[in-house]
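*Asks:* Fit chains B, C and D to the given chain A structure using the hints.
Protein chains: 4
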Amino acid sequence: MTKHILLMDGPDGPGLIYHVTSVLFRHGLNIIRNDEYVSPDGRFFMRTEFEAGNTVDTPDGQLVLDELRHIVPPDVTLRLSPKAKKNIVVFVTKEHHCLGELLIRYGFDELDANILAVVSNYTTLQPLVSKFGIPFHYIAHENKTREEHEDAILRTLSIYQPDYLVLAKYMRVLTPGFVSHYNNRIVNIHHSFLPAFVGASPYRQAYERGVKIIGATAHFVNNDLDEGPIIAQNVQEVDHRHTASDMSTMGRDVEKIVLSQALKLVFNDRVFIHQNRTIIL
Amino acid sequence: MTKHILLMDGPDGPGLIYHVTSVLFRHGLNIIRNDEYVSPDGRFFMRTEFEAGNTVDTPDGQLVLDELRHIVPPDVTLRLSPKAKKNIVVFVTKEHHCLGELLIRYGFDELDANILAVVSNYTTLQPLVSKFGIPFHYIAHENKTREEHEDAILRTLSIYQPDYLVLAKYMRVLTPGFVSHYNNRIVNIHHSFLPAFVGASPYRQAYERGVKIIGATAHFVNNDLDEGPIIAQNVQEVDHRHTASDMSTMGRDVEKIVLSQALKLVFNDRVFIHQNRTIIL
Amino acid sequence: MTKHILLMDGPDGPGLIYHVTSVLFRHGLNIIRNDEYVSPDGRFFMRTEFEAGNTVDTPDGQLVLDELRHIVPPDVTLRLSPKAKKNIVVFVTKEHHCLGELLIRYGFDELDANILAVVSNYTTLQPLVSKFGIPFHYIAHENKTREEHEDAILRTLSIYQPDYLVLAKYMRVLTPGFVSHYNNRIVNIHHSFLPAFVGASPYRQAYERGVKIIGATAHFVNNDLDEGPIIAQNVQEVDHRHTASDMSTMGRDVEKIVLSQALKLVFNDRVFIHQNRTIIL
Amino acid sequence: MTKHILLMDGPDGPGLIYHVTSVLFRHGLNIIRNDEYVSPDGRFFMRTEFEAGNTVDTPDGQLVLDELRHIVPPDVTLRLSPKAKKNIVVFVTKEHHCLGELLIRYGFDELDANILAVVSNYTTLQPLVSKFGIPFHYIAHENKTREEHEDAILRTLSIYQPDYLVLAKYMRVLTPGFVSHYNNRIVNIHHSFLPAFVGASPYRQAYERGVKIIGATAHFVNNDLDEGPIIAQNVQEVDHRHTASDMSTMGRDVEKIVLSQALKLVFNDRVFIHQNRTIIL
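Heads up: the protein sequence lines correspond to chains A, B, C and D, in order.
First residue of the first sequence? That's 1 in full-length UniProt numbering, and the numbers climb one at a time after it.
First residue of the second sequence? That's 1 in full-length UniProt numbering, and the numbers climb one at a time after it.
First residue of the third sequence? That's 1 in full-length UniProt numbering, and the numbers climb one at a time after it.
First residue of the fourth sequence? That's 1 in full-length UniProt numbering, and the numbers climb one at a time after it.
Here chain A stands alone, though its shape is the one from the complex:
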């Protein structure tokens, strides 16, 4: 049976759950899973998975949506999650571990997304990508201004029209101009437990500060470096014997798993953004 996901957010008000459930009830549609959240500042978020019951052949998601648009207040946003898999382009520099993880998952249909292409400012990872038959675009940044480099990337992206960009250890900062093309649609993995160790060489910073736990953070990219909404984090214990280089090696396992887990949430339409925080339903 076809499953639909209804996504709703807006100012909280009386009867929002009731309105949705009454429309679904009237159409004989079954709620498989429903999650809602009201933020302390009074914003309502809801994610409803529903499907046809026994008596109805196909739930007409669009019909439900149209009907709800007449009932709920106009400032409440309603979306139906597109059923098709998300299309993504993956950005890398030289490190293979996050890309390798995504390729293996994609190769066995576990990614909940289609990798349309890989973009890199180095050729290091081209052999790995070619093993999986995915287009690899080498777009060097040398001898280019930042804007020229990003323009070249944007031209390449225009071929693919991806839903999301995944920065799988892409070691260049994107300009606000570039980011504005993919607002809340760029996911980055940062190799620290943000907001600790923003910026470059976080494992070096972690070593020098003498922390006992390192971590990784998957987040949306916005215009402030490493300041976008956090989607997932995880950590790993270290001790004084670990050099910055050891931490970097150990951190890779955390980075790739955190990135994968964050992408799973994003690609399944489970992530809302509100005031630079994620709400995960």
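Where hints are given, some of them may not hold.
Repeated chains share a single entry, so a pair holds when one copy, or any two copies, can fit it.
No more than 30 angstroms apart at the CA atoms, straight line, and that leaves these computed lysine-lysine pairs for BS3-like [to be verified]:
1. 264 <-> 144
2. 264 <-> 131
3. 144 <-> 3
4. 131 <-> 85
5. 144 <-> 85
6. 94 <-> 144
7. 94 <-> 131
8. 264 <-> 94
9. 131 <-> 3
10. 264 <-> 85
11. 3 <-> 85
12. 86 <-> 3
Note that these hints are calculated values from the structure, not bench results.
*Replies:* Frame of chain A; chains B, C and D shown alone:
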């Protein structure tokens, strides 16, 4: 404003969320938080926190309950969580760590429950309990059959009529006869990551098996030793240097925190039981 | 049998382990546990637990120390850990959880230290402390300059001559002048995963940043706020439903356990400090 | 500079550390890292990394070994770790995640071992293996007795003479006869937190028991199913919403990381075995 918690469980069917939300909507009551779950075998569970909106002074929980009873199918159970704190009696033997944790929390009003009394088969912890001005009942098991001992305990409990019994490292097995008096109302902390190391001396067993992680499990007690529904678990890394005794020492920190976290869930009516598993909403 | 702990640190050089083990071997002393570490910048650290073998009645630690002083280079520091328990004074403000943890452990002889007294700038925790028969010194900071307040504290400390000060949620910043009296002998628990959220209201900061994991850090106090060498850290997962206040409540469990674990390391002479980092042997 | 690893184990006795350090000191060799452990039942284990100091060109490991053999008691085992990478053969059935992890690491020279070949009782993973240019041996078990099947495998292994076999989700039980050929040289990943859920379908068992944490265990294989010495374990939180199938999906991330971490320890000669427990130095 007075808050109510509505608890509902029964066979899944069309419109259950809708029915509840429509009744609340009609009475002008606000849903603060709503969580539901449908098990793979088709049972529906819902926990709804609601309170009066601006236009209504007091939500009449009983009225809502009565109205819902006429709407939902008869095999759906509906309960209103009693607003008052739960009353508990704590059982201990000789170890102080879980009891100490509960007493400190209780002393600073963080337990979400009233400790009416402590029962023990030893006098070891009497001085600790007396610091907090709580009745301590020493009920020795020596020279008594198991039934005589439990009868003595039951007589003591009859004074207090507790809602829950908390076995905070009570090192005796309770008979089915005793357990039947407090069905799903006895919470135990077991000093292992169940179902590993059921029974006596779990840290000794863990040491001998050479595990790299130890744990603790808070669970409801039923008639099969260490087989009741699990409420919460947590773990702690160990290595070959740790003796069984070291593990026991380290494990205490896990035990007391897991027990506290499980009790918080239970005392806030967030735990449903279905087929020997807990559903935590 | 009496156990000794030999602590050694200095520039790395040939034969340091050999020298120690040869002296112990000649005296018929058994090494129970030996841990060493050489930092990347070439500093050697060693902690050696030893005791008499079967043929010798008492290991004369001082004799071993004197003999080693003639063998190892003069810039190598050698210390014998004093066998007696460390004496401590605990500082608190209004929060009870860390203090309660320390008192319960102390009351059951699990702290590896003697709590000589508790100092506070409020009277809130006096009733708790008095349950355990420990002197409580209320030293108000109102109507005093920071220096006057610290002078009053120093006068009180002069009675006790503690080995360590434990800041168990003491919510005032100490001046460099005060800290200099207890260099590397003040342990603080900070309610964040340092270096994230230095300073005041870390849970509020964590909430606003939208982190998915919170933490706590036990560290030595030096002249830079929250910048001293980190001894232990631990973390706790949170999600969007948790308010800053929820995080604060959940964080308490982490704080008290991390503080206890750090103190155990410090009181057992397992912590060396080098370049603002701890080496834990 | 060439690094050597000396491995030593035997009954504890006076001067063992001293003997090793004195021989190394006399030869002008530097100890880079030294770890030792004495088990409660009196067995001594030591792992010493050493290299030439400034005055000596190459440490002659064999010379050190020969000299030590004359000094230490005859029941003490001394080994020099072979410097070359370990050679391994990987066994799989149908699941790709552990194999994919090993291949990616191997492809980027991060495995500390050479994958000589992959053996499988299915062809499912042949395409993945062929991407990395490694021989894939499909050895079907159908229409063969267990002994015939294992004989066919042993014939294949005889070509490669691997140091270790890695069972990367190989879903068949090996006979004692087979295991005896690779005593303490077969590493398996079991998809549960052993000793919980021994045997088949551990995630199904975990779901039915209603655990709140699942895990994975890397262990040496001996003749008792899932009873060999544990090398590494890790865990992952789950809740009532997770089906056995969800747990299986989530568990894969834990499995592959735990297996990789265990192999790193084994391939770096950091794992000793004593009484069915691992000692990791």
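*Asks:* Which numbered hints are broken by the structure, listed smallest first?
*Replies:* 1, 3, 5, 9
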